[in-house]
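So the sequences go chain by chain: P and D.
Heads up: the first sequence is residues 76 to 185, going by our numbering.
Heads up: the second sequence is residues 545 to 662, going by our numbering.
Here are some chain D residues pointing at chain P (derived, C-beta under 8 angstroms): (1) Phe578; (2) Ser587; (3) Leu588; (4) Leu590; (5) Thr593; (6) Ile637; (7) Asn649; (8) Glu650; (9) Gln651; (10) Phe653; (11) Gly654; (12) Pro655; (13) Gly656.
Label-pair ranges, simulated between beta-carbon atoms: (14) D:Gly560 with P:Asn128: 48 to 56 angstroms; (15) P:Val95 with D:Ser598: 39 to 47 angstroms; (16) P:Asn128 with D:Met589: 25 to 33 angstroms; (17) P:Leu121 with D:Thr624: 21 to 29 angstroms; (18) D:Ser553 with P:Ser93: 34 to 42 angstroms.
Hints in this document: simulated from the structure, not taken from any laboratory.
Each residue gets a CB set at the ideal place from its N, CA and C atoms; glycine is no exception.
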Amino acid sequence: GENVEQHPSTLSVQEGDSAVIKCTYSDSASNYFPWYKQELGKRPQLIIDIRSNVGEKKDQRIAVTLNKTAKHFSLHITETQPEDSAVYFCAGGGADGLTFGKGTHLIIQP
Amino acid sequence: GAVVSQHPSWVICKSGTSVKIECRSLDFQATTMFWYRQFPKQSLMLMATSNEGSKATYEQGVEKDKFLINHASLTLSTLTVTSAHPEDSSFYICSARSPGQGASNEQFFGPGTRLTVL
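Only chain P is shown next, with the shape it has when bound in the complex:
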């Protein structure tokens, strides 16, 4: 099955700086890679996703890159704001379901 590794587990950045979270996956058949933001006690919320036929996708301050050859994908958040503080999960998979990374606790320092 799929195995998704996520780093770092905790990331602290100054407000206004950029944050980068990286994930690797093992199953070359995986074709869908979403990123979720989860605030304490709440459901995960999809913030951006990318499919295996695309190398990069951007939505305002958030971007995701995918390197299929190396089997890794990254989340980039620019101009971070206090409301970006949360736990972020990457996931990989396809029609059979998603395997989640262990999560990154992003802390935005004022």
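Chain P is fixed; fit chain D onto it per the hints.
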């Protein structure tokens, strides 16, 4: 669109009792629903995949006789935790996927159910 609800949002029960959690897709038909479990400060772990009208597929290490899943309609899947014990206390989250989303594999998550077993 693509709203998924769960009921109850939280439940406290005594050890040995059974608890049923409902997952509903409110504005779309979900042929596939997924059940996840999340322990504090941990990631979401897929427990099982539920397909409408057929038996659920359980992940390795998940006891199918303990976690009963029924996906009787295109808008409802239920998870029953039988003979619950304190170690079953967790945040249970369902998600649903609709073929109407085209080629998307996006899953829409319910709000979760916090189960506490005393």
